[in-house]
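S.K.: Sequence:
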Amino acid sequence: MGNRIDSSLKDKLHLRVLSNAGEPLNRNVIKWSESYLELPIYDHYGQTEQGMVINNHHHPDLQNTYKPGTMGQPMPGFKITILDEHGVEAGPNREGQISIDTEQSPLFWFRGYYHNEEKTAERFLYGSRYYLTGDDSSYDENGYFYFSGRNDDIISSAGYRIGPFEVESAIMEHEAVAETAVIGVPDERRGEVVKAYIVLKASYVASKELEKDIQQYVKSNLSAHEYPRMIEFVDALPKTPSGKIQRFLLLS
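Sequential numbering of the sequence shown, starting at 7, is according to this note's numbering.
Accuracy of the hints is not assured; some may be wrong.
Calculated cross-link-like contacts (lysine-lysine; reagent style DSS-like; alpha-carbon spacing at most 27 Å) [unchecked claim]:
1) LYS218 x LYS37
2) LYS225 x LYS207
3) LYS37 x LYS225
4) LYS201 x LYS37
5) LYS250 x LYS37
6) LYS201 x LYS225
7) LYS125 x LYS85
8) LYS125 x LYS250
9) LYS245 x LYS201
10) LYS37 x LYS18
11) LYS37 x LYS245
12) LYS125 x LYS245
13) LYS218 x LYS207
14) LYS250 x LYS207
15) LYS85 x LYS73
16) LYS214 x LYS225
Since the hints were made in silico from the structure, they are not lab data.
Could you put the whole structure together from the sequences, leaning on the hints where they help?
M.R.: Below, the structure written as structure tokens:
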């Protein structure tokens, strides 16, 4: 992604808008698009079960101020909220599970998995009103949602709930990092600690000095309780054929 697209090719592309769904974008990709294509990439959120439900809308009637790093705002016809671990709506700036209020979502249609009552019950854990997506997020006062990670990927460390995506995004800002994946590993004192698997760019060599530099970088640019206390440099990360990181394979 390092080479600037020449103006003649860029004109041939006839790009008007760029969209992404499936995996949230880190800040490096967003910056690259704005610098080299002169367009932001609009992130969106959805599921196979329900389709797209949170969007950075393109239509003029729905378009709002673009905020890099956000999934956007709920689609018309859906009331999206955040539930805490007790099934209570958490409110702005509090992390919890992305949920659909089915009673206030006229376009909601998913009622269950075929011949799988157990899996269906997991989605409607607090009764028929709320559909649980299995993903964690928060939203701000203006209704913009920010992805944290899969609910079962969330790291619980010393009383903090840490989303792997925000840590990965901070690590990716370091000049030596090509790719990274973050998980929680057991720790006697903290319950879990953050561990980062990092693929370095070709011009960098793994070392204890580089490990400490990356840790300090995350401390300074994210927070002291979210930095990776453990780092392992690897040649590649396990991924699905579509390119999604398989964090569960890093736990084995």
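S.K.: When the structure is checked against the list of hints, which entries are broken? Sort them ascending.
M.R.: none
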